[in-house]
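Colleague: Listed below are the residues making up each chain.
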Amino acid sequence: MSKQLIKQAFQEVLDQGDKAFVPYIMAGDGGLDSLEEKVQFLQESGATIVELGVPFSDPVADGPTIQEAGIRALKQGVSLRAILEKLGQFKENRSIPIVLMTYLNPIYAYGVAAFARACRTAGVSGLIIPDLPLEEENLVVKELQANDIALIRLASLTSPPDRLKELARRTEGFLYAVTVTGTTGTRATFQESLQEHLASLKNICQAPVLAGFGVSTPGHVKELSANCDGVVVGSKIVDALHQNNREEIKTLIAAASSKEQAPAE
Amino acid sequence: MKTYQQPDIQGHFGSFGGRFVPETLMPAVLELEKAYEAAMADPEFVDQVDYYFKQYVGRETPLYYAENFSNQLGGPKIYLKREDLNHTGAHKINNAIGQALLTQRMGKKKVVAETGAGQHGVATATVCALLGLDCVIFMGKEDIRRQKLNVFRMELLGARVESVDQGSGTLKDAVNEALRYWVTNVEDTHYIIGSVVGPHPFPKIVRDFQSVIGIETRKQIIEQEGKLPEAVVACIGGGSNSMGMFYPFVEDERVELHGVEAGGSGIETGKHAATLTDGKAGVLHGTLSYLLQDENGQVTEAHSISAGLDYPGIGPEHSHLKETGRVLYDSITDTEALEALQLLTKTEGIMPALESAHAVAYSMKLAEKMDASETIVVCLSGRGDKDVDTVRSAIGGSSYE
Numbered sequence: 001m002s003k004q005l006i007k008q009a010f011q012e013v014l015d016q017g018d019k020a021f022v023p024y025i026m027a028g029d030g031g032l033d034s035l036e037e038k039v040q041f042l043q044e045s046g047a048t049i050v051e052l053g054v055p056f057s058d059p060v061a062d063g064p065t066i067q068e069a070g071i072r073a074l075k076q077g078v079s080l081r082a083i084l085e086k087l088g089q090f091k092e093n094r095s096i097p098i099v100l101m102t103y104l105n106p107i108y109a110y111g112v113a114a115f116a117r118a119c120r121t122a123g124v125s126g127l128i129i130p131d132l133p134l135e136e137e138n139l140v141v142k143e144l145q146a147n148d149i150a151l152i153r154l155a156s157l158t159s160p161p162d163r164l165k166e167l168a169r170r171t172e173g174f175l176y177a178v179t180v181t182g183t184t185g186t187r188a189t190f191q192e193s194l195q196e197h198l199a200s201l202k203n204i205c206q207a208p209v210l211a212g213f214g215v216s217t218p219g220h221v222k223e224l225s226a227n228c229d230g231v232v233v234g235s236k237i238v239d240a241l242h243q244n245n246r247e248e249i250k251t252l253i254a255a256a257s258s259k260e261q262a263p264a265e
Numbered sequence: 001m002k003t004y005q006q007p008d009i010q011g012h013f014g015s016f017g018g019r020f021v022p023e024t025l026m027p028a029v030l031e032l033e034k035a036y037e038a039a040m041a042d043p044e045f046v047d048q049v050d051y052y053f054k055q056y057v058g059r060e061t062p063l064y065y066a067e068n069f070s071n072q073l074g075g076p077k078i079y080l081k082r083e084d085l086n087h088t089g090a091h092k093i094n095n096a097i098g099q100a101l102l103t104q105r106m107g108k109k110k111v112v113a114e115t116g117a118g119q120h121g122v123a124t125a126t127v128c129a130l131l132g133l134d135c136v137i138f139m140g141k142e143d144i145r146r147q148k149l150n151v152f153r154m155e156l157l158g159a160r161v162e163s164v165d166q167g168s169g170t171l172k173d174a175v176n177e178a179l180r181y182w183v184t185n186v187e188d189t190h191y192i193i194g195s196v197v198g199p200h201p202f203p204k205i206v207r208d209f210q211s212v213i214g215i216e217t218r219k220q221i222i223e224q225e226g227k228l229p230e231a232v233v234a235c236i237g238g239g240s241n242s243m244g245m246f247y248p249f250v251e252d253e254r255v256e257l258h259g260v261e262a263g264g265s266g267i268e269t270g271k272h273a274a275t276l277t278d279g280k281a282g283v284l285h286g287t288l289s290y291l292l293q294d295e296n297g298q299v300t301e302a303h304s305i306s307a308g309l310d311y312p313g314i315g316p317e318h319s320h321l322k323e324t325g326r327v328l329y330d331s332i333t334d335t336e337a338l339e340a341l342q343l344l345t346k347t348e349g350i351m352p353a354l355e356s357a358h359a360v361a362y363s364m365k366l367a368e369k370m371d372a373s374e375t376i377v378v379c380l381s382g383r384g385d386k387d388v389d390t391v392r393s394a395i396g397g398s399s400y401e
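Respectively, the protein sequence lines represent chains A and B. Here my numbering is used: position 262 in the first sequence is 262, and no number is missing along the way. Here my numbering is used: position 392 in the second sequence is 392, and no number is missing along the way.
The hints are simulated quantities; they were obtained by calculation from the structure and are not laboratory data. Glycine included, every Cβ here is placed at the ideal spot set by N, Cα and C. Don't take every hint at face value.
Stated by the list, open to error - Listed next, the stretches of chain A that the computed footprint assigns to chain B, with coverage defined by at least 3 CB atoms under 8 Å from CB atoms of chain B:
#1 105 to 118
#2 125 to 133
#3 174 to 187
The shape of chain A in the complex, shown without the other chains (with noise of 0.2 Å):
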């Protein structure tokens, strides 16, 4: 069910000849009584998932605007188990599927197991976790199965590509393809080779291509899109929403249609 609801989001997307837009949002940053209605905020605004990330002491794979809005996560005592919690108490009223990213020792902590059940109560589609490798996997894949949890494999620019098919056969829900070497922030430009690398992807891949890391224009959006299904934006998202925002979020989420034109930049 989990796993089918991420289909159907694509499914309704693209069939349109649209791109998906995955917003990413620091979890409790704001106070986690904000949750419901930032997420239903992007659902309005025409996301397609919401990628919701979990706040963690040590981020090694995020660059300065998420850990910041982690810290402030977790000023606040938000915890994975809160989380899982508040997105149980709304999970009738939205219709958008969530994916948690969770680093993976709050996991760990938790107990894989019951944490996996968890999401599931809480309606949580999917999950992506930045620091656990293919060759480390078996460690939740088995939960995560029983529990229809889609695990989504990150593919990066430096993955061989035996590696990146194997990526690309294993991921569930949607690839996601770092479009940096590098953690998560906004960047100006992108390296030349990436387009070529989306298109790759996408030629290996039965499952959705999204391009995330950096890309924090409605420019970058469409540029991005192009060689693929969509992009995941977050750090550009996060400081928005911090700011407030919401018209810099609603224009990001407007470049992903088709009917919106290239902005002149």
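Following the hints, complete the assembly by docking chain B onto the known chain A.
Modeller: Frame of chain A, contents of chain B only:
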């Protein structure tokens, strides 16, 4: 034939270890593993490492019978493995030189490293100066304050020192930033991690380069005493001097191995760095091992008077050796370490680093239960010069202050 064979091919030490890093780093970690295996199978590389150990680091280091100190305690004979006499003043250079030579062999020109007390940073900056490698060192803001002189030393050696403001501004945060830097610059940069932590193959590489400590000690104690020691003691932050000391003794089952963590203000106060005593299993910095953390899996801050032990994680092989019971782990408080530092300094004229003073303090406790026919080897992992300021503020200044 060795019966102790760790880690396995996936880098697991029993149920610990492994490679928990972002996909972007996986190819580098796999490449490193291959490069390391090839290097160690190449006699020329092994000779090269031996050459630098001897001619540059000053190995082998003495195994010194601390007679005055032993007499003062009135029990067993206590020997000190003098890693403090290495070039740059600690065991850290054993690993730094090995990994720097490996960096060169892999054709990489740049090195990143983290440092806590500054010892690993100085050792890395030193070998980078020697081999002409570009060097950037991440160091926590708080550690920079505690170890100003080492920061200057690294800069004199030509390294760039980056201050890390995140978190508590100590070793853990420096490792985070070093990892982020490595993710971003992985194509031309090698990460010389300073302890037996991090993703596989780092815990193995660091252990292997450091095991020169235990190999020499084993030979030296047999030469001097005609038998193996009853006990071997070493301090543990991440656990590299202890792992290097213990590894060659792991199969000598009659030799008791004691790992000493930093008890800070006391385990009961919660202000300590005693990961194996008070932590539980978790994933940090690429490895599954014991970890100081809260019930939600957030890593908590470690506390110790010694910057080098101020780390909430520990090498995965130590977690494994704790679970199998082969190594006994305990802790020593700041106060006990300070007392031991003073006693050793006054009786032997050897001022240990605050880190090593934890091992010295533990040997004093062990000595109470042992007799004159027995021997203890203490790994004196570093010299205390860098800690004089810290010690002065802890115990009060000279009689003229």
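Colleague: If you count the residues of the stretch 174 to 187 of chain A with a beta-carbon closer than 8 Å to a beta-carbon of chain B, do you get 3 or more?
Modeller: Coverage by chain B holds for the stretch 174 to 187 of chain A (4 residues, Cβ < 8 Å).
Colleague: Under a C-beta cut-off of less than 8 Å, do 3 or more residues of the stretch 125 to 133 of chain A approach chain B closely enough to confirm the stated coverage?
Modeller: Since 4 is at least three, the answer is holds.
Colleague: Go check the stretch 105 to 118 of chain A versus chain B for me, would you? Three or more residues, Cβ under 8 Å, otherwise it fails.
Modeller: holds (count 6)
Of the numbered hints listed earlier, not one is contradicted by the structure.
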